[in-house]
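Undergrad: Its first residue numbered 399, the sequence shown is counted upward by one per residue in this note's numbering.
For the record, the hints were derived by calculation from the structure and aren't laboratory data. Fair warning: there could be bad hints in the mix.
As the list claims (entries may be wrong) - Distance windows between CB atoms, simulated:
{"#": "1", "residue 1": "414", "residue 2": "491", "range": "35 to 45 Å"}
{"#": "2", "residue 1": "579", "residue 2": "532", "range": "31 to 41 Å"}
{"#": "3", "residue 1": "491", "residue 2": "575", "range": "13 to 23 Å"}
As the list claims (entries may be wrong) - Straight-line distance between alpha carbons at most 25 Å, and here's what the computed SDA-like set of lysine to any residue pairs gives:
{"#": "4", "residue 1": "494", "residue 2": "454"}
{"#": "5", "residue 1": "474", "residue 2": "415"}
{"#": "6", "residue 1": "453", "residue 2": "436"}
{"#": "7", "residue 1": "474", "residue 2": "498"}
{"#": "8", "residue 1": "570", "residue 2": "443"}
{"#": "9", "residue 1": "561", "residue 2": "546"}
{"#": "10", "residue 1": "522", "residue 2": "422"}
{"#": "11", "residue 1": "570", "residue 2": "541"}
{"#": "12", "residue 1": "475", "residue 2": "488"}
{"#": "13", "residue 1": "558", "residue 2": "574"}
{"#": "14", "residue 1": "561", "residue 2": "578"}
{"#": "15", "residue 1": "494", "residue 2": "415"}
Ideal Cβ placement from N, Cα and C applies to all residues, glycine included.
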Amino acid sequence: MRYGYWMPVFGGWLRNVEDENMRADWDYVKTLAQRSEELGYDLSLIAELNLNDIKGEEAPSLDAWSTAAALAAVTKKIELMVAVRPTFHSPALLAKQAANIDHISNGRLSLNVVSSWWQDEAKKYGVHFEQHDDRYARTAEWLHVVDNLWKQDHFSFEGKFYKVTDSILQPKPLSRPRPFLYAGASRRRLKT
């Protein structure tokens, strides 16, 4: 059995408690990650939202990717599972960032792939938000590009949402065959 927790990048996670004494700041998450590692925790999920959907949009919310990179440098054992929403990231650029964090962490990076859900946040950040089936189709293409860039050079792909031509990504991730991927969905894909 493995034990993990959600990193409080929004402060606390309870909607009905105003102050849980968990600050959404670097010093707090750094101390928590190091202490949880000492206690034997196996992993921490670093959620990716640009707005704080727990304590209110105006409350602090740490960036998942820069936080993960920083935590990778100050921890030694804990797996860093970073949530990623393909709607917000070019697959080639994210593959490069993730490979770099995988090296910083010595192979402790994993991804929690989420096909986005908060339309208002996307709008406020200038990101196009598609309907359910298109978000999942985008995620499938995105995963195909990321996975292949992690495994081979001179990769080309042209789909409905993404196009890469003769792409090279070096260094490849340390994790083999690639960083572990977690995914979930709120409902089954509708067939037409």
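Undergrad: Hint by hint, note whether the structure agrees.
TA: Structure-based check of all given hints:
no. : hint                   : verdict
1   : 414 to 491: 35 to 45 Å : 38 Å, holds
2   : 579 to 532: 31 to 41 Å : 21 Å, violated
3   : 491 to 575: 13 to 23 Å : 21 Å, holds
4   : 494 to 454             : 32 Å, violated
5   : 474 to 415             : 32 Å, violated
6   : 453 to 436             : 29 Å, violated
7   : 474 to 498             : 16 Å, holds
8   : 570 to 443             : 23 Å, holds
9   : 561 to 546             : 13 Å, holds
10  : 522 to 422             : 21 Å, holds
11  : 570 to 541             : 16 Å, holds
12  : 475 to 488             : 29 Å, violated
13  : 558 to 574             : 29 Å, violated
14  : 561 to 578             : 24 Å, holds
15  : 494 to 415             : 38 Å, violated
Checked against the numbered hints above, the structure breaks hints 2, 4, 5, 6, 12, 13 and 15 and satisfies the rest.
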